[in-house]
Amino acid sequence: MGEFPKLNIPLAQWIDNGVDWLTVEGAGFFDILSKILLAPLVWLERLLLWVPWFVVILLVALVAWRMAGWRLAVGASIGLFFIGSVGLWDHAMKTLALVIAGTILAVVVAIPTGIAMSRSDWFERMMRPVLDLMQTMPSFVYLVPALMLLGMGKVPAVLSTFIYAVPPAIRLTNLGIRQVPADVLEAAKSFGTTPGQLLLKVQLPLALPTIMAGINQTIMMALAMVVVASMIGASGLGTEVLNGIARLEAGRGFVGGLSIVIMAIIIDRISQSMTKAEPH
Amino acid sequence: MQSSRNIRRYASAMAVLLASVLFLTACGSKTTDTPADSAGTAPKQEAEKPKQVIKLADLQWQSLWINNAIAGFIIKNGYGYPIETVEMTTPIMQQALVKGDIDVVTEMWTGNIIEWYKEVQSKKQVIDLGPVMDRAVQGWYVPAYMVKGDAERGIKATAPDLKSVADLEKYIHLFPDPEEPSKGLMFNCITGWECAKINRIKLQAYGLSDVINVQEPGASAALDAAIAGAYKKGEPFFTYYWEPTWLVGTYDMILLEEPAFTAECNASIQKALHDEVAMDAITSEFGCAYEDALVTKAVTPALKERAPEVVTFLEKFSLKTDDLNKVSSYMELEKKTADEAAAYFFKNYPDVWKSWVPADIAAKVESALK
Chain P
344 MGEFPKLNIP LAQWIDNGVD WLTVEGAGFF DILSKILLAP LVWLERLLLW
394 VPWFVVILLV ALVAWRMAGW RLAVGASIGL FFIGSVGLWD HAMKTLALVI
444 AGTILAVVVA IPTGIAMSRS DWFERMMRPV LDLMQTMPSF VYLVPALMLL
494 GMGKVPAVLS TFIYAVPPAI RLTNLGIRQV PADVLEAAKS FGTTPGQLLL
544 KVQLPLALPT IMAGINQTIM MALAMVVVAS MIGASGLGTE VLNGIARLEA
594 GRGFVGGLSI VIMAIIIDRI SQSMTKAEPH
Chain E
3 MQSSRNIRRY ASAMAVLLAS VLFLTACGSK TTDTPADSAG TAPKQEAEKP
53 KQVIKLADLQ WQSLWINNAI AGFIIKNGYG YPIETVEMTT PIMQQALVKG
103 DIDVVTEMWT GNIIEWYKEV QSKKQVIDLG PVMDRAVQGW YVPAYMVKGD
153 AERGIKATAP DLKSVADLEK YIHLFPDPEE PSKGLMFNCI TGWECAKINR
203 IKLQAYGLSD VINVQEPGAS AALDAAIAGA YKKGEPFFTY YWEPTWLVGT
253 YDMILLEEPA FTAECNASIQ KALHDEVAMD AITSEFGCAY EDALVTKAVT
303 PALKERAPEV VTFLEKFSLK TDDLNKVSSY MELEKKTADE AAAYFFKNYP
353 DVWKSWVPAD IAAKVESALK
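Chains as they are written, first to last, in my numbering: chain P, 344 to 623; chain E, 3 to 372.
What the hints contain is simulated information worked out from the structure, not anything from laboratory work. Treat the hints with caution; some may be incorrect.
Pairwise CB distance ranges, derived in the manner of DEER restraints [to be verified]:
hint: 1; chain 1: E; residue 1: D152; chain 2: P; residue 2: V385; range: 28 to 34 Å
hint: 2; chain 1: P; residue 1: A567; chain 2: E; residue 2: R308; range: 54 to 60 Å
hint: 3; chain 1: E; residue 1: P183; chain 2: P; residue 2: L365; range: 21 to 27 Å
hint: 4; chain 1: E; residue 1: D362; chain 2: P; residue 2: P348; range: 42 to 48 Å
Computed from a predicted model, the values in this text were never measured in an experiment. The beta-carbon is built from N, C-alpha and C at its ideal position, and this holds for glycine as well.
Based on the sequences and whatever the hints tell you, model everything.
So this is what it looks like as structure tokens:
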């Protein structure tokens with residue numbers, strides 16, 4: 344009684360067939376994509392691992408001091424020293440490389456997309472459900488196809504991070520530009536600015552605090568993906584968490600998790616202060 | 003299988019503490035778990051003399067589901083006993099079997115609980131009925147097309163002489179690490195499992211650690227997907243895996259030979275595993291195959307008393323691991339239930355299962371299949 348009518352739409356089967364087809368027929372394309380993304384990733388990771396730890400701590404402290412004051416500089420130094428002292432320095436640098444790469448990729452895509460959305464209501468309406476999908480689709484769902492197409496390792500990890508982390512930067516770029524007051528735009532136009540000048544000299548600078556808030560969110564979400572990234576073969580702090588879980592070593596998992604939290608707080612405070620430090 | 007075994011290994015310490023609490027919940031879930039087939043037998047089962055329900059442990063992994071479905075179907079339709087499967091973990095199973103709360107375990111992975119298993123057998127609390135499959139192995143695999151080629155897909159044999167781990171070094175250029183193309187890449191066992199570290203120890207022992215990097219998945223699904231993707235593309239790869247599994251039944255892979263397992267070699271590996279030997283002090287004495295796991299069936303003495311004919315059947319009940327791989331593959335790829343997989347087995351392997359039971363029982367099973 345009241346049973347739901349069965350429509351038997353073989354959606355899952357279509358998706359499976361599609362992934363199989365892409366795996367075989369798209370092998371060449373995904374191979375090239377993989378190589379293009381992997382080279383800078385490997386380079387960045389090697390760089391971070393090559394720089395001595397105290398230089399990294401000094402650099403972070405310097406940036407923190409300039410951007411947010413001495414309190415954060417001291418706090419960040421202690422936090423990073425803690426990560427190193429529990430033996431997770433290399434893991435932390437690998438994670439940092441992944442987060443940086445994911446964030447750069449996200450920003451490069453997000454700013455133009457956000458600008459395009461702010462200029463076309465039609466495009467904005469099109470993009471909104473896409474962004475909803477990217478933000479809410481459980482990441483495990485697209486990990487399996489990503490692994491089949493790209494294999495294990497850093498590339499599927501950084502792409503999954505990108506998918507999950509890019510929406511806030513896009514949304515807030517769009518929002519920031521749309522929020523620039525109409526009278527300011529009118530004034531600029533009355534001085535005879537071209538559309539290009541209007542965007543670069545008026546809209547983007549005025550929207551910058553909002554855009555930076557979006558990028559801050561993107562970085563935080565990228566960090567939230569590190570455990571998932573480790574599941575698909577990109578080692579880092581997430582590996583420690585997974586080790587802790589698999590071996591029921593709560594302490595080990597917790598230390599790994601704590602290191603992620605420390606990195607998140609440092610990156611969050613620094614990038615937030617960038618938001619505030621940019622008065623238009 | 004390996005997953006359950008390894009996780010169980012780590013879980014057992016915690017589980018001992020929790021077992022008594024969990025045991026109560028397990029008992030509680032049993033009554034709600036009653037499958038439809040035993041619905042006909044009223045709650046007052048004790049009052050009916052013949053054919054009391056026979057309970058099988060459901061330890062939550064695929065080959066056991068299939069074995070339970072096959073054995074259960076024969077017990078129910080051939081011998082006329084209602085059956086019931088009870089979900090539980092290994093530590094709970096250990097207690098439930100001794101107390102007689104369950105009657106049959108169709109896959110007893112003895113390796114990790116061998117001391118306990120010997121003890122309960124000597125106390126006559128549990129009866130061992132012999133192996134349920136001909137081999138349960140873990141080791142290092144390459145796809146068969148690397149060695150034999152695959153004419154259908156137009157893949158040439160790129161490593162025709164690759165038979166053992168000693169031949170690997172010649173072929174590392176076939177499966178390069180994309181991050182460091184001068185070295186080979188191994189898909190390792192899952193992060194945190196013992197086998198992940200043992201594989202690193204063995205790579206060192208075979209002198210391969212300088213030429214082969216390992217890529218470690220954080221979940222068995224990730225390893226499966228990576229293997230499936232590479233296999234579908236026809237790419238050469240080199241991976242750790244285990245069987246019986248649907249994956250080995252689906253993708254034709256060759257287990258590489260290793261020096262035979264010995265107790266001394268295993269003792270060395272265990273030392274390295276527990277950091278009593280430094281990684282760079284590992285020599286070739288640390289390199290040998292994994293031990294074949296002994297997977298048997300176990301029943302309670304009470305079952306032997308009340309249903310000796312079922313115990314006689316269970317004694318003969320045993321599958322070839324290759325067949326089990328194939329049935330698992332059917333279940334996984336066709337998205338079937340364990341019962342449907344069992345039906346597939348009965349249809350395709352009649353000689354196997356008819357050798358377990360007398361002709362009259364086989365006839366009853368046969369008619370129930372229609």
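Original post:
Between P:A567 and E:R308, does the C-beta distance stay in 54 to 60 Å?
Top reply: This hint holds: roughly 56 Å between Cβ atoms.
Original post:
At the C-beta level, are E:D362 and P:P348 separated by a distance inside 42 to 48 Å?
Top reply: For E:D362 and P:P348 the Cβ distance comes to about 46 Å; the hint holds.
**OP:** Could you see if the CB distance from E:P183 to P:L365 stays within 21 to 27 Å?
**Re:** 24 Å, holds
Original post:
At the C-beta level, are E:D152 and P:V385 separated by a distance inside 28 to 34 Å?
Top reply: 32 Å, holds
The structure agrees with every numbered hint stated previously.
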